[in-house]
Structures are given as C-alpha cells and as structure tokens.
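**Q** Residues per chain, in single letters:
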Amino acid sequence: MDPDLADFLTAWLGGEIAEARRQAVLSRLQDDPEFRLAAARELRLFGMLKVLRTASPRWLRLEDELGWSADEPPGSDDFVDSVSARVASLPVPRSPRRPTYWRRAGALVALAVVAVAALRVVWLRAPTAPAPLSNEAIALLVRLNGPGWSGGGGPAEGSVVHPGKLALLGGSATLAFFNGVTVHLEGPTDVDLQSANRVFCRRGKVRVDAPAEVGAFATDAPGAAVTNAAAEFALTVSDDDHVEVMVFRGQAEVAALDQRRQPVRSETLTAGQAVRVDATSGQIAAAARTPETFAGPIPPFDPALVLAPGYAEAVLTDRPAGYWRFETAATGLVPNEVPTGPPLRLIGQADISKAAGGMANRHLNLPPPTEWEQNGALADHLWSPPGRSFAVECWAMPRLVRQAAVVGLITDTGSHRLDNYGILLELTGQPSLFHQPVRSVRALHRLPAGRFRGDNLFTPSHYLPYRWLHVVAQRSGDRFELYVNGELAAVCPPASDLPLPHFWVGIGALCFTRDGKSCSERPFVGQVDEVAVYDHALALEAIQRHHRLGRPGGARE
Amino acid sequence: MKSPADIGAVIAEVLRGNRDAFRQVVEVYSLPLRSYLASQIYRLDDVDDLAQEIFIAAYRGLHRFRVGDDFGAWLRGIARTSVLMYFRSAARRDSALERFREETARSVETDLDQAASGDRAEVIEQLLRCVAKLPDRMRRVVRAGLDGDKASTLATELGTTAAAIYNLHYRANRLLRECLQRGAE
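Those protein sequences? They're chains A and B, same order as listed. Residue numbers for the first sequence follow this note's numbering, beginning at 0 and rising by one. Residue numbers for the second sequence follow this note's numbering, beginning at 1030 and rising by one.
Everything labelled a hint here was simulated from the structure, so no lab data went into it. Any given hint could turn out to be false.
[As the list claims (entries may be wrong)] A few chain A residues that don't get close to chain B, going by computed Cβ distances all over 10 Å:
no., residue
1, G13
2, A38
3, E41
4, P187
5, E252
6, T267
7, A286
8, A287
9, P492
[To be verified] Footprint (simulated), chain A over chain B, 3 or more residues, beta carbon under 8 Å:
no., stretch
10, 1050-1061
11, 1153-1159
12, 1198-1209
[Unchecked claim] Over the 12 Å line for every Cβ pair with chain B, so calculated as not near, a few chain A residues:
no., residue
13, W11
14, Q22
15, P32
16, L36
17, P56
18, A224
19, D240
20, S265
21, D277
22, A307
23, T316
24, N360
25, R401
26, L487
27, A494
28, A538
By construction, the Cβ of each residue, glycine as well, lies at the ideal position given by its N, Cα and C atoms.
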C-alpha cells in the first residue's frame, strides 16, 4: 500500500498523523492525478459503507416542505382534514407559533446589523469575542455554588440560559447545554456564551466535556481557541491574557490566533497534555500539569428520582399488565413486577445505575449510542388488551434535547424489524431540523399499528434536560390523552377505535430488531424509570397519585 | 423502484404539480446522494441533514432542471455547493481535521464526481453482499468502522496495531471493489 495513501486515510478518518505528513499528503493530492484518483476511490467506498450501516433517515423537514405530514404517506390529505376537523372541536393545546418569513427576515437583518457592528468592534479592538448568533435558549444552569453572578443578576440554578455574557464572582457554575455539552466554570470567570457550540472565555477557569455525538465544540479565549469533539479539557485565562489548556480525556486542538482571530499555529493535545498559549507572540509551549491552574472535575448532576415508599404498591394497586422498576438486571434482564409478564432485555450499553447522591432508587440508564452500538430495552409479546382502553406510564429524564423515542408499544408484524407502533412516547428536538413543536413531549396513537399516520399529541410546554418527567399516554374510551407531571397536557379523539393487538415494549430507540438490537434512529439519552403498561385507562386521581409519590425530595421540577 | 432512466417522467409529473411524485425521486437518489456526501463529510448526522437540505433545494429549483439531462449529476452539483458551505462553518474551520477534509473535498471533487456517476442504489446495496463474503477479520474491521479511537481500540482487541487495522481496511476495500466490479459484469 502506498504509504501516502495509508496516511491520507488515517488522517481523513481522524487518526493521529503529524502535521507535516498531513501537509505532504495534501500536496500530493493536489499534484498527483493518479494518487487523487486512488484517494477518491477509497473515499467513495467508505461513503457507501457508511450509509449502508444505517437505516434511511426520516426527513421530516423535507416531508414538511412537500406538504406531507411527519407520519403520513402521500395521498392522505382527506385523512388529515378529517382528523383536523375532529381535533379542532376539542381543547387541543396550540403548537408554539412559528416565525413568519418576514419575522425571520427581520431577525436576520437585525442579526446582520449586530454582526457587522460586532465585526467592527473586533477589527478595532481585537482580540475579543464575536457576537452571539442567536438568542434561542441553549443550556440549563444545573448547579450554582457560591456568591453567584456579578451585579446580582444572571440565571438562577435550574433556569434556562440564553447566549450572552456571564460573570461568575466565585464558587462554581455548571451549564448543561441542550446539545449534550457540559461547561463548568470556577469563579471569578467571565464568559460569553456565543451559541450552542461556542463559548468565549475572557478570563477565569472553564472546563468542557463534549461528547462525541455533538460534533465540534469551540471554546475561545483572547488569542486562542480550543476545538474538540469527544473530549474533556480545561481552559484557564489569566489576567495577563495567557491561556493554559489541559486535556483530560480524548483529544482537542489548540490554536493560537492572530488579531483577526485566524489560527496561526495549532497543536493537537491528547489526554494528560497541557500547554500555554501566549496571545502576544502566538507561541504554544508545553506547560506544567498543575491541577490548581485549572477548573476541577465536573461534579455529577443527574438529579435523582426519589420515590416515596408506597410508589410501587400504588402502581400495583392499579393492576398494570406489565411493570418494570429497573432495580436489578441479572443477566441483562429487568424483571417484570407482574409475575406472568415478560422481562425487559437490556440492549447495548443500557444498564441499571444508581443516581448521584446515593439515592436508593435505581433507573434504566441510556448513555449516548456510538456509531457501532445502540442502546435500549425490549420486552416481547405482551398480551392484547381485552378492551379499547389502555395506558402507558413512565418517568424519563433526558440528558439533552433531541428527538428521542422514550417508550413504545410495537406490533409484531412478523418482520425482522420492529417499528410498527401502536403507541409511541417521544421527545421532540430543537427547531433547526423538525417543524414539530420544539422541546415537546409527543404521544402518538397509531391503530392499526404501522409506520405512518396516527393521532399526534404534543405538550404546549417545553421539557428541559436533567429534569424528571412523569408521562402517561392513554386511550380512554373515545379519547386519546397525554398527561405530563400529573396534568392533562393534550387530548384528541383517536381516528380509529381498533383494539391494540399483541405488542412488544421498546424503550430508548425508534426501532428494534427481532434478535434484540436497537437501531440508531431517535436514541434517547438519559434515564427512564418505573415503566408500566395497563390494559385499562388510569383515573386522573391515580395518575396524580403516582406523580405525587415520585416527587418528594428528588425530582426537580 | 424507479430507475434513473424513468425519472424524467417522474420529474415531469412533479413539475405538473404532483408533489407526491417527488417521493420517488428521493427513493431513487437517497442512497447514492448520501453515499456521495459521506465520501466527503465524516459525521453521518451531518450527511443526512445535508442530504435533506439538498433534496429540498432540488425540489424548489426543479423547474431549472432540463428533463433529459442526468438528474444524479444535477443533484451532485447542488451537493458540491452544499458541501463547500458546510465546511465554511466557523466552528469547522477552527479544526485542523475539518480543514484537512475540506481541502480533500476540494481536491478530489472531479474524481469523486466521476466515480460516483455510476452509483445507483442497487450497486450500493450489492456492497452489503460483498461485505458478507469478506474474511472474518476484514469484515470485522469494515463493520467496526474506522475513526481514530475505534481503530486503536480494535487494534488492541485484535492484538495488532492501528496502522495494521488501516492497512487491513485498505485491502478489504480493494476486495470489495473487485466484488462490485464482478457484480457489474
């Protein structure tokens, strides 16, 4: 094998390669047509293999553009109209208002003006931070210790955070970005939160944990920038504008920037390496790995779901047909509290873990999937409810904002792939990809079970990561209802009164296979607990009782 | 499934106002387009987001397509612009790895377009059967994928080096290309 081609593939796939070799390979790519053709052939094959490993995506925005609803095949406009007419007669909550074209255009113009103004400031007084790009909420302040923010303002613990400046006087603050990145500050620290994937630190100590699935996350400082994916690192800006960086996990690229914030020099650091960037000279030099120079480890902040002692008894009193508590998982099987019911089989890296703080209650933990391993849990062949009423109940705590399947009842059609839903509880994501309501809980009722159509309910309020939600979706006679945290959030008349056939219970992914695997579509990242299915609807009092018993001392609302 | 040869009639149908017919266009070109993008962009999430944007752009600009021309080539033309825009994102330009991929995409643009011109969904799907014929060790490398960390992890598991894993993948690619070629004959 041509060593240049080997190095080219290594570099393209993200492997370690010296910068000089990288440049040499690029030069050959530009100058040698045969080498270029060989590289193109390799990339083409790699592209083919990559897309074959995953199922075709659901392109909801495209469907929306073409006038197809998210879950309906072409030619179903009559169906849409008929359901819409019936739904209109019920108190269905309104979807969050979409910005009109002109409002969007106006916002763009305003942003452009702000950006131009900011660029002017950058030019005159570089280096400084670029202007924020958007004012969408981007994070949740999950922990705030110490004196808090300068001027007494700033977000309170548990509140959402928008792009903008934050000046921490002392103590520490931990921000959980909606995309899964965690940013931990130790005061005194001044930062500009630029966007969901960019932070600018003016001075002080910042520690960043960016999981692989987020993609590039940039942490900027005067005269320096750190870009990373799948890494944890700390960055400290001293009062004299020296920047020190240390990587604790994965690898990150540190760049020294010139006055126009263009990179003039860069180094790739791996775990355990530390450097000092001199903003004046643009030099990057090895630095001592002194722990006190950097922000300390990011404290765990998964909130516990504390259940009152009578919780399980209350659920069992309401006669579930299946009930999984996730307290044990011997040989990967979560027992069913209903003696005749099937256990749940854990898939991939799904496990049972204690919440932080030593709480007694355990949960189903669903970590981020990797490209090669998906997570979830699956129970096969429950019974078919004798009547037309049934309910699905669970607690869920997402760790990030994305479209994610939480719990579904899947009909067995005999095919290898299990994705024909009768009922699906899921979370919607951010607005950039889908025209569904943003950060909403969705309940789908789809009978006959399948991959298209169905009755959709969305909560009018937004969910937040790192907060437990108590969710019940149920068919109660001629109503399909969604309850969140003990309140009726949405209701509609189901389009069909067919009974629910025999089904599988799937947790944490949109589809599964008969041999006990889950697919990469809509993975849920976070924790799930106390999943129960009933062959009857629950009374409002029962739903509220379950919710109340789950709240004391644990679930942060 | 419609073949590219039939797609002219489908596009004419879309242009007459049958927007549902565009679903057939997506069906025929989804796999080749995603594959073409994945040859230049590493993250599959980004590939799929971009593919969606390209189909939307194609739908909006369909009146500019001359029926009778190669629709796949037209789509790749939109894709080339989208890929360049993708790499222009500020966060990506800060990363040496992404800059390397951007340079690569620019350099191989013509060759890749030529190589991809014959790609059809059936050809790509045939690759699955070819993968199944590979020796176990190679199949594992191909299936396990090849990002930097994973290569080193796999190397530890197989008791070899990351360089050997890359080499194994290169040899596997050669066998796969031969298999595809045989299938095409």
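**Q** Hints first: check each against the structure and report whether it holds.
**A** Here's how the hints hold up against the structure:
1. G13: violated, 4 Å
2. A38: violated, 6 Å
3. E41: Label violated. Min Cβ-Cβ 6 Å, cutoff 10 Å.
4. P187: holds, 26 Å
5. E252: violated, 6 Å
6. T267: violated, 7 Å
7. A286: A286 of chain A clear of chain B: closest Cβ-Cβ about 20 Å, beyond 10 Å.
8. A287: holds, 25 Å
9. P492: holds, 27 Å
10. 1050-1061: Holds: 5 residues of the stretch 1050-1061 of chain B have a Cβ under 8 Å from chain A.
11. 1153-1159: holds (count 4)
12. 1198-1209: Since 6 is at least three, the answer is holds.
13. W11: At about 6 Å from chain B, W11 of chain A fails to clear the 12 Å cut-off, so the statement is violated.
14. Q22: violated, 9 Å
15. P32: Incorrect as stated: the minimum Cβ-Cβ distance to chain B is 8 Å, not above 12 Å.
16. L36: Check fails; 5 Å does not lie beyond 12 Å.
17. P56: violated, 4 Å
18. A224: Incorrect as stated: the minimum Cβ-Cβ distance to chain B is 5 Å, not above 12 Å.
19. D240: holds, 19 Å
20. S265: Violated, because the least Cβ-Cβ distance between S265 of chain A and chain B comes to about 6 Å, which does not exceed 12 Å.
21. D277: holds, 19 Å
22. A307: holds, 40 Å
23. T316: holds, 44 Å
24. N360: holds, 33 Å
25. R401: The claim breaks: R401 of chain A does not keep its Cβ more than 12 Å from every Cβ of chain B (closest is about 10 Å).
26. L487: holds, 35 Å
27. A494: At about 21 Å from chain B, A494 of chain A clears the 12 Å cut-off, so the statement holds.
28. A538: holds, 42 Å
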